[in-house]
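Chemist: Heads up: the sequence lines are chains A and B, in that order. For the first sequence, position 163 (counting from the first letter as 1) is numbered 163 according to my numbering, and the numbering increases by one without interruption. In short: position in the second sequence from 1, add 259, done, that's my numbering.
Any given hint could be a false lead.
[Unchecked claim] Derived DEER-like restraints, expressed as beta-carbon distance ranges:
id, chain 1, residue 1, chain 2, residue 2, range
1, B, 284, A, 209, 39 to 45 Å
2, B, 401, A, 21, 48 to 54 Å
3, B, 506, A, 28, 28 to 34 Å
4, B, 495, A, 88, 50 to 56 Å
5, A, 177, B, 507, 30 to 36 Å
6, A, 32, B, 438, 15 to 21 Å
7, A, 209, B, 522, 34 to 40 Å
8, B, 491, A, 228, 47 to 53 Å
9, A, 10, B, 361, 47 to 53 Å
Everything labelled a hint here was simulated from the structure, so no lab data went into it. Beta carbons are placed, not taken as given, at the ideal position from N, Cα and C, and that holds for glycine.
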Amino acid sequence: MSAPITAQIWALAKRSTLKTLRQPFQMFPIVFFPLILLAVNASGLRSATLLRGFPTHSYISFAIAVAFIQGAMFSLINTGTNLAEDIESGFFNRLALTPMRRLALIAGLLVGVAALGALQSGVYILIGLLFGAHLDAGAAGALVVIVLGSLAATGFGAIGCATALKTGSGEAVQGMFPLFFVFIFLSSSNLPRNLLKTGWFHTIANWNPISYLIEAFRSLFIFGWDAAALERGFAVALGILLVGLGFVVLTLRGRLQRT
Amino acid sequence: MSGPEQPVGAGNWGVARAVAWRSMHTYLRRPDLIVPSLVFPLVFLASFAGGLSALGSVPGFDFPAGYTAFQFVFVLTQSALFSGLFTGFTVAVDFESGFARRLMLAAGNRRGIVLGYALVALSRAVITLTVVTSVALLAGMRITGDGVDMFGLYGLALLLVLVGYGWSAGVAFRFRSIQAGPLMQTPVFLILFLAPVYVPLSLLKGWIHAVASVNPATAFLGAGRGLISGVHEHTALAFACALALIVVFGLWTLSGLRAAERST
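One chain only, chain A, in its complex shape (with noise of 0.2 Å):
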């Protein structure tokens, strides 16, 4: 008799959380490089906040949001690598022959990226917080922050992992990181939609999801409970979790008829 499907997930996602801190490589981009480039960013954007329109006077509390998607984006990378590597080394083959549950085998893959998402956030708060970032929602915004922090890292693991599925090739899903680049780019991401003056531009970054999630999670910075960001900041995190589970249980269906 199998085990109940709680504790299926729970090991699957210890192992995928285990995975991941264990190995310094993978941790590094995933805390480092978005803070490196918020630094960057703060500084090298400062003289925006001159601008008129432009809603704050701290470039820090504006951009800290970025950070957060850069995060959620390097969850994509590495759920989908992870899960390739077990599908090139054979692991995923094997666990499929198990009487393990087929839910339990992406579930607890994502459990993990959850639960890292979560841990991930709270970094990016404490070090921004510490860089003199102001979190106008206060302590109760500090625990939103961290739910669509987690909420936007496993919609984006879903995706990764379905990469993977497909494809059963790290190198394939390390492809699909400059792809997602470029939705941050093209978005409200280094300044407000009121401010980006050219009309084309302007229009891509209203009609790009990113804005808005990018948006949600600024506004519990500088504004402090803006219903209206939220709704939108989370409609699009389920939305992104929602489309990468179905591309889920598609290519989970196929690669487990090829097994």
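Using the hints provided, position chain B relative to the given structure of chain A.
Modeler: Leaving out everything else, chain B in the frame of chain A:
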């Protein structure tokens, strides 16, 4: 009886031409190589020149050619350096596949290999810089410098291709693995972004101003922006820095080649 004959094309230029032809042939036939090298500079141009154009209105920002030209010079500099860097990746991949080792056994003059990959870097850069410049002009970029200034701007860009190539090829010859990729690109990426990317040096405040003031990339960006606008700034310093870096990284690459020879 005369001494042993040298194989045809075994001189520096013969080897260089063969290496360059093969690598460019591969580059042009593989979308996974050519597309990213063209798309990423265009994304930078779109997101910085398009998304940050409001920064042209910041008090104290005074650039006669406009914000698109201001950012174009950053994208040109980045494209030039990365054309060189990506050629370092090619060297590393050729070692991983075993091709470079066979090439080193076959080449009469191994310095020709270094020269050949340098030609690849320059050829790739010409393609990328042409595309980026065309898109920038179509997007309405203004150039207020004259023809000589533009010649200087593209001359500086080609020197930067060799700087990027020299650094990455030195790493590639030593490590002979694509796993050294982050070591090739991370320092260049950081140096570029620790320069006045978004606004002029005078508008940077705090630690980044101090770092940017001693960063050679600041001289490259300042000179490039001076040339495109016709208001020259640090032009001689930028050319001197670029030439000095080419000499230093040239030695770094040749010593890397010797390290690779010893291991072959």
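Chemist: Does each hint fit the structure? Answer for all of them.
Modeler: Hints versus structure:
1. B/284 <-> A/209: 39 to 45 Å: Cβ of residue 284 of chain B to Cβ of residue 209 of chain A: about 41 Å, so the range 39 to 45 Å holds.
2. B/401 <-> A/21: 48 to 54 Å: holds (52 Å)
3. B/506 <-> A/28: 28 to 34 Å: At roughly 33 Å between Cβ atoms, residue 28 of chain A and residue 506 of chain B fall inside 28 to 34 Å, so the hint holds.
4. B/495 <-> A/88: 50 to 56 Å: Since residue 495 of chain B and residue 88 of chain A have Cβ atoms about 53 Å apart, the given range 50 to 56 Å holds.
5. A/177 <-> B/507: 30 to 36 Å: At 32 Å between Cβs, range holds.
6. A/32 <-> B/438: 15 to 21 Å: Given a distance of about 19 Å, which is inside 15 to 21 Å, the answer is holds.
7. A/209 <-> B/522: 34 to 40 Å: With a Cβ separation near 49 Å, residue 209 of chain A and residue 522 of chain B fall outside 34 to 40 Å, so the hint is violated.
8. B/491 <-> A/228: 47 to 53 Å: holds (50 Å)
9. A/10 <-> B/361: 47 to 53 Å: Given range 47 to 53 Å: holds, Cβ gap about 52 Å.
In this structure, the one hint that does not hold is number 7.
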